[in-house]
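If you want the building blocks of each chain, they are given just below.
Protein chains: 2
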Amino acid sequence: MSKALPKRSENYSEWYNEIVKRADLAENSAVRGCMVIKPYGYAIWEKMQSALDDMFKATGHVNAYFPLFVPKSFLEKEEEHAEGFAKECAVVTHYRLKANPDGKGLVVDPNAKLEEELIIRPTSETVIWNTYKSWIQSWRDLPLLINQWCNIVRWEMRTRLFLRTTEFLWQEGHTAHVTEQEAVEETERMLGVYATFAEDWIALPVIRGLKSPNERFAGAVETYCIEALMQDGKALQAGTSHFLGQNFSKSFEVQFVNKENKLEHPWATSWGVSTRLMGALIMAHSDDNGLVLPPKLAPVQVVIVPIYKTPEDLAKISEKAMPIFEQLKAAGVSVKYDDDDKQRSGWKFAEYELKGVPIRLAMGMRDLENGTVEVARRDTLTKETVSLDDVIDHIHKLLEEMQAAIYARALKFREDNTFSVDTWDQFKDQIEKGGFILAHWDGTAETEEKIKNETKATIRCIPLDAVEEDGKCVYSGAPSSKRVVFARAY
Amino acid sequence: MSKALPKRSENYSEWYNEIVKRADLAENSAVRGCMVIKPYGYAIWEKMQSALDDMFKATGHVNAYFPLFVPKSFLEKEEEHAEGFAKECAVVTHYRLKANPDGKGLVVDPNAKLEEELIIRPTSETVIWNTYKSWIQSWRDLPLLINQWCNIVRWEMRTRLFLRTTEFLWQEGHTAHVTEQEAVEETERMLGVYATFAEDWIALPVIRGLKSPNERFAGAVETYCIEALMQDGKALQAGTSHFLGQNFSKSFEVQFVNKENKLEHPWATSWGVSTRLMGALIMAHSDDNGLVLPPKLAPVQVVIVPIYKTPEDLAKISEKAMPIFEQLKAAGVSVKYDDDDKQRSGWKFAEYELKGVPIRLAMGMRDLENGTVEVARRDTLTKETVSLDDVIDHIHKLLEEMQAAIYARALKFREDNTFSVDTWDQFKDQIEKGGFILAHWDGTAETEEKIKNETKATIRCIPLDAVEEDGKCVYSGAPSSKRVVFARAY
Chain A
1 MSKALPKRSE NYSEWYNEIV KRADLAENSA VRGCMVIKPY GYAIWEKMQS ALDDMFKATG
61 HVNAYFPLFV PKSFLEKEEE HAEGFAKECA VVTHYRLKAN PDGKGLVVDP NAKLEEELII
121 RPTSETVIWN TYKSWIQSWR DLPLLINQWC NIVRWEMRTR LFLRTTEFLW QEGHTAHVTE
181 QEAVEETERM LGVYATFAED WIALPVIRGL KSPNERFAGA VETYCIEALM QDGKALQAGT
241 SHFLGQNFSK SFEVQFVNKE NKLEHPWATS WGVSTRLMGA LIMAHSDDNG LVLPPKLAPV
301 QVVIVPIYKT PEDLAKISEK AMPIFEQLKA AGVSVKYDDD DKQRSGWKFA EYELKGVPIR
361 LAMGMRDLEN GTVEVARRDT LTKETVSLDD VIDHIHKLLE EMQAAIYARA LKFREDNTFS
421 VDTWDQFKDQ IEKGGFILAH WDGTAETEEK IKNETKATIR CIPLDAVEED GKCVYSGAPS
481 SKRVVFARAY
Chain B
1001 MSKALPKRSE NYSEWYNEIV KRADLAENSA VRGCMVIKPY GYAIWEKMQS ALDDMFKATG
1061 HVNAYFPLFV PKSFLEKEEE HAEGFAKECA VVTHYRLKAN PDGKGLVVDP NAKLEEELII
1121 RPTSETVIWN TYKSWIQSWR DLPLLINQWC NIVRWEMRTR LFLRTTEFLW QEGHTAHVTE
1181 QEAVEETERM LGVYATFAED WIALPVIRGL KSPNERFAGA VETYCIEALM QDGKALQAGT
1241 SHFLGQNFSK SFEVQFVNKE NKLEHPWATS WGVSTRLMGA LIMAHSDDNG LVLPPKLAPV
1301 QVVIVPIYKT PEDLAKISEK AMPIFEQLKA AGVSVKYDDD DKQRSGWKFA EYELKGVPIR
1361 LAMGMRDLEN GTVEVARRDT LTKETVSLDD VIDHIHKLLE EMQAAIYARA LKFREDNTFS
1421 VDTWDQFKDQ IEKGGFILAH WDGTAETEEK IKNETKATIR CIPLDAVEED GKCVYSGAPS
1481 SKRVVFARAY
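These protein sequence lines are chains A and B, in that order. Here the first sequence is numbered in our numbering, starting from 1 and rising by one per residue. Here the second sequence is numbered in our numbering, starting from 1001 and rising by one per residue.
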């Protein structure tokens, strides 16, 4: 058996890296900062995609696909956007290689230089708004509610599997509307979809809020976000939804004829979540034994392990186990029967724990005699003996119970690690210990910047449900009307 | 109403372009050779993906994701492969833009030049086999059966929507096996999956065969393919499955310990289909009125159009129509009720015909009195009046019947346009008229090349079920033991 994982309490960062690696979720590729998402990790991502895609479609969106390449001139059109992304662009300059005239191998063919450089999309507002120009003529063409699943490249200097990689997978919604209000409603609706997904599927409680102007998406009028707390007390931004105003419709000269027969620029939103959610999932729930997966996102929800010494015993156990397997499968539960004789059952138990399989059933000869099965749940690591007659019902209930329990545990953790702080000394003290800090802020970028420089804490968001109360900025003492959320963040 | 489509008989090429455009399937983007796949086109692609993905999983494959970037040195490792793809590579040379010091806009930052150029993947054998090196140690790690859905870039000079684009979407399977035989079996199994998908879903009859050495994938030992015939008599390669031998495992130094404790190189396959299948779908079945979709791939299978003059009439029709809508929906049929009052029903009929919606139900006041509904099928453009009591059953049967009928029509077309040819004069004559030509070939690359130069016909494949018979090469007169398939091709 391989050696134990590092403990969260001793080295959280190393614990994370090792879980990603040993649970076969992802690994670094030969290309700097790019990851290989391994089959087990990808199966979780597919479940996320499928649930999100259903939610997008249920809210009236359709999928489409836009080009990977952004002409440099497109990026230049929206000034803030250009400034925000220019420093991390992968640039295609040539379209051909040729045999090396001076020796072995291939070299870039200097005769195949592009007239205009192409950027690998760091996000697709520019390409999409350039396309919308011909799609939007009249108010009848609106709203346009489109989503795209694709890969994205941002040349990050410090990368971390799932959390920050040069290439990542995501979805990006891009919508166009007749009125400002409709676009704001869409921005909020999609934030709601993300929050619901985070809570109901990832079992991850999130705070819904607005970014401070400093932290807005480059080109947005307003950025909404969902923020989650990881077990080491650091925050993770799990999704963003942007109200783009008319910035892109103006930059790309998109206009429509309104009902009064006048030309107007449409109002825009964009919103996205990425494979970063995989990082959130891992860091929020897992323990020192490995991954803990909420049942709704587990590629294998139930594993059945027969415990036997002879082929005859295995045959007897299988006779009882297979009907359970078949019934669960028929009921839509993702179940695996592991009778592989190349590994001992102890090794299997550890492996399924490491991989976060929610429920493990073990059946040995004594269970057979007693008409029972041992049921182990991954989140609490508890076991119980259940009668074969009851086991199907039991599993259905348990899967629901575990989904709720994992959420409840994460919520309790967040509540236990959220602190209202009123003085600068308290703030500096608490930020070292981690957690969400609720504190008053004077609303200026200067204060925000100073707090960041002194403590590495950023404003995660201004919560949508913040209570109005008179207070003084924790840093400057200037008056403030509500608390915002500070934390160190991924 | 917009003007009629060009006729297939007059300008097939223009007919194709116009269908792609007017049925809202795809359009050219601002980036040369790259397409935007529009929502309606993407919805068809999603159905293809979903069906194929199920078939891949049913044959034991899992999905994963590998990086977009291929280091230049990787491409160089397998010589034939490098030669095959070098001329059409998009090359990333820099990772940052900066403000233009001489004026407005952005320029490539010369200080951000990559040490080694990165190629946008034209296919992923090299990246994947470099990764497999650490995944494959023992015979226990095999077979490795992995698939990836992703985007691909090949810098094509002459592009055509769906058929040949600089960026396209595809899936690529990459498997590794202990024995040569197992890898060959896998290659053939996946060819079978593609053929089944083409026939059962796209309703497209295909010939399964082997490529001649000339037409093999760069780096393959053997390339299997499925070939289909389009309505203009040209062939279209609809999918390929490659037996790669040990070429990549040797180039990337991948070895495993076999059961006898000796080191061996694994045997490999790769196989792919792409958004090109969209082109095949369109060109195989559509007619001068627009798209014809086999029901299994239609985003909307049934549309219900109420025909009314007053809101009161609409209310009465809706009362009868909605139960049909609900029953179909509950039965898993994709159905739309179009009571949009901004368009006349004549416009709607033409629009649904253009978009290939398989079944159109029309309900007017007279139908209401008679307890009937008018059922129009897209493939034959025939109409019949059906009693409301029978319509659900009728639709279920009709959807199945249409799927079979569209296939049967395409098969008959292929049979009518497949010709056994024994003389060179006949060959030259027939190739001008189009169709598949079955002719003897002497097996040499020279002859193949000469035939191509003189007639633009290529060997589409050597059919797997070719009958052994003594014959003489249609060009050289040299002896041959079976006929191969020639055609002009997309």
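Think of the hints as simulated: they come from the structure by calculation, not from any bench. Cβ atoms here follow ideal geometry from the backbone N, Cα and C, with glycine treated the same way. Just so you know, not all the hints are guaranteed correct.
[Stated by the list, open to error] Distance condition first, Cα-Cα at most 27 Å in a straight line; then the derived BS3-like pairs of lysine-lysine:
| # | chain 1 | residue 1 | chain 2 | residue 2 |
| --- | --- | --- | --- | --- |
| 1 | B | 1320 | B | 1087 |
| 2 | B | 1456 | A | 259 |
| 3 | B | 1234 | B | 1452 |
| 4 | B | 1412 | B | 1329 |
| 5 | A | 3 | A | 348 |
| 6 | B | 1250 | A | 104 |
| 7 | B | 1450 | B | 1234 |
| 8 | A | 428 | A | 296 |
| 9 | B | 1133 | A | 3 |
| 10 | B | 1104 | B | 1087 |
| 11 | B | 1087 | A | 104 |
| 12 | B | 1397 | B | 1433 |
| 13 | B | 1309 | B | 1383 |
| 14 | B | 1412 | B | 1234 |
| 15 | A | 104 | B | 1342 |
| 16 | B | 1316 | B | 1296 |
| 17 | B | 1021 | A | 348 |
| 18 | B | 1456 | A | 21 |
| 19 | A | 98 | B | 1342 |
| 20 | B | 1057 | A | 296 |
| 21 | A | 57 | B | 1057 |
| 22 | A | 259 | A | 320 |
| 23 | A | 87 | B | 1336 |
| 24 | A | 259 | A | 316 |
| 25 | A | 348 | B | 1412 |
| 26 | A | 47 | B | 1296 |
| 27 | A | 342 | B | 1057 |
| 28 | B | 1047 | A | 47 |
| 29 | A | 87 | B | 1296 |
| 30 | A | 329 | B | 1087 |
| 31 | A | 262 | B | 1342 |
| 32 | A | 316 | A | 47 |
| 33 | B | 1262 | A | 342 |
| 34 | A | 296 | B | 1003 |
| 35 | B | 1133 | A | 342 |
| 36 | A | 428 | A | 21 |
[Said to hold, decoys possible] Between beta-carbon pairs, the in silico distance windows are:
| # | chain 1 | residue 1 | chain 2 | residue 2 | range |
| --- | --- | --- | --- | --- | --- |
| 37 | A | 27 | B | 1253 | 16 to 22 Å |
| 38 | B | 1345 | A | 53 | 30 to 36 Å |
| 39 | A | 336 | B | 1338 | 42 to 48 Å |
| 40 | B | 1214 | A | 53 | 41 to 47 Å |
Now for the hints, and whether the structure bears them out:
1. For the given pair, residue 1320 (chain B) sits about 61 Å from residue 1087 (chain B) by alpha-carbon distance, which is inconsistent with the 27 Å threshold.
2. For the given pair, residue 1456 (chain B) sits about 55 Å from residue 259 (chain A) by alpha-carbon distance, which is inconsistent with the 27 Å threshold.
3. Distance restraint check for residue 1234 (chain B) and residue 1452 (chain B): the Cα-Cα separation of roughly 14 Å lies within the 27 Å cut-off, and the hinted pair is therefore satisfied.
4. In summary, the hint linking residue 1412 (chain B) to residue 1329 (chain B) is not supported, as the alpha carbons are separated by about 33 Å, beyond the 27 Å threshold.
5. For the hint pairing residue 3 (chain A) with residue 348 (chain A), the CA-to-CA distance comes to about 15 Å; that is within 27 Å, so the pair holds.
6. Of the supplied pair hints, the one linking residue 1250 (chain B) and residue 104 (chain A) holds, its CA atoms being roughly 19 Å apart against a limit of 27 Å.
7. Under the criterion of a C-alpha separation no larger than 27 Å, the hint pairing residue 1450 (chain B) with residue 1234 (chain B) is consistent with the structure, at around 19 Å.
8. Taking the CA atoms of residue 428 (chain A) and residue 296 (chain A), the gap is near 39 Å; set against the 27 Å cutoff, the hint is violated.
9. The hinted pair formed by residue 1133 (chain B) and residue 3 (chain A) meets the criterion: a straight-line CA distance of about 23 Å does not exceed 27 Å.
10. With a C-alpha separation of about 34 Å, the suggested pair residue 1104 (chain B) and residue 1087 (chain B) falls outside the 27 Å cut-off, and the hint is violated.
11. A C-alpha spacing of about 16 Å is found between residue 1087 (chain B) and residue 104 (chain A), which places the hinted pair at or below 27 Å, so the restraint holds.
12. A hinted pair counts as satisfied when its Cα atoms are at most 27 Å apart, and residue 1397 (chain B) with residue 1433 (chain B) does not qualify at roughly 37 Å.
13. About 22 Å separates the Cα atoms of residue 1309 (chain B) and residue 1383 (chain B), which keeps this hinted pair within 27 Å; it holds.
14. For a cut-off of 27 Å, the pair hint linking residue 1412 (chain B) to residue 1234 (chain B) stands: about 15 Å separates their Cα positions.
15. Distance check on the hinted pair: residue 104 (chain A) and residue 1342 (chain B) sit about 66 Å apart at the alpha-carbon level, beyond 27 Å; violated.
16. With a C-alpha separation of about 32 Å, the suggested pairing of residue 1316 (chain B) with residue 1296 (chain B) is violated against the 27 Å cut-off.
17. For the given pair, residue 1021 (chain B) sits about 55 Å from residue 348 (chain A) by alpha-carbon distance, which is inconsistent with the 27 Å threshold.
18. With a CA separation close to 52 Å, the supplied pair residue 1456 (chain B) and residue 21 (chain A) exceeds the 27 Å bound.
19. Of the supplied pair hints, the one linking residue 98 (chain A) and residue 1342 (chain B) is violated, its CA atoms being roughly 57 Å apart against a limit of 27 Å.
20. Restraint check: the Cα-Cα separation between residue 1057 (chain B) and residue 296 (chain A) comes to about 20 Å, which is no more than 27 Å; the hinted pair holds.
21. The hinted pair formed by residue 57 (chain A) and residue 1057 (chain B) meets the criterion: a straight-line CA distance of about 24 Å does not exceed 27 Å.
22. With a C-alpha separation of about 69 Å, the suggested pairing of residue 259 (chain A) with residue 320 (chain A) is violated against the 27 Å cut-off.
23. For the suggested pair residue 87 (chain A) and residue 1336 (chain B), the alpha carbons sit about 47 Å apart, so the restraint of at most 27 Å is broken.
24. Annotation: proposed proximity of residue 259 (chain A) to residue 316 (chain A) is violated, straight-line Cα distance about 75 Å (limit 27 Å).
25. Of the pairs offered as hints, the one joining residue 348 (chain A) and residue 1412 (chain B) is violated, with about 55 Å between alpha carbons and a cut-off of 27 Å exceeded.
26. Of the supplied pair hints, the one linking residue 47 (chain A) and residue 1296 (chain B) holds, its CA atoms being roughly 24 Å apart against a limit of 27 Å.
27. With a CA separation close to 24 Å, the supplied pair residue 342 (chain A) and residue 1057 (chain B) stays within the 27 Å bound.
28. Simply put, residue 1047 (chain B) and residue 47 (chain A) have alpha-carbon atoms about 17 Å apart, close enough for the 27 Å limit, and the pair holds.
29. This hinted pair does not check out: residue 87 (chain A) and residue 1296 (chain B) have alpha carbons roughly 46 Å apart, beyond 27 Å.
30. Distance hint between residue 329 (chain A) and residue 1087 (chain B) is unfulfilled; the C-alpha atoms sit about 49 Å from each other, more than 27 Å.
31. Under the criterion of a C-alpha separation no larger than 27 Å, the hint pairing residue 262 (chain A) with residue 1342 (chain B) is consistent with the structure, at around 20 Å.
32. Pair hint residue 316 (chain A) plus residue 47 (chain A) does not hold up; C-alpha atoms about 35 Å apart against a cutoff of 27 Å.
33. Distance hint between residue 1262 (chain B) and residue 342 (chain A) is fulfilled; the C-alpha atoms sit about 19 Å from each other, no more than 27 Å.
34. Taken as a hint, the residue 296 (chain A) and residue 1003 (chain B) pair is broken in the structure, with Cα atoms around 51 Å apart against an allowance of 27 Å.
35. Restraint check: the Cα-Cα separation between residue 1133 (chain B) and residue 342 (chain A) comes to about 23 Å, which is no more than 27 Å; the hinted pair holds.
36. Distance restraint check for residue 428 (chain A) and residue 21 (chain A): the Cα-Cα separation of roughly 35 Å exceeds the 27 Å cut-off, and the hinted pair is therefore not satisfied.
37. Our hint of 16 to 22 Å for residue 27 (chain A) and residue 1253 (chain B) holds, since their Cβ atoms are close to 18 Å apart.
38. Evaluation of the 30 to 36 Å hint for residue 1345 (chain B) and residue 53 (chain A) yields a pass: the beta carbon distance comes to about 33 Å.
39. The hinted range of 42 to 48 Å is satisfied by residue 336 (chain A) and residue 1338 (chain B), whose Cβ atoms lie roughly 45 Å apart.
40. Here the CB-CB span from residue 1214 (chain B) to residue 53 (chain A) is close to 42 Å, well matched to the stated 41 to 47 Å.
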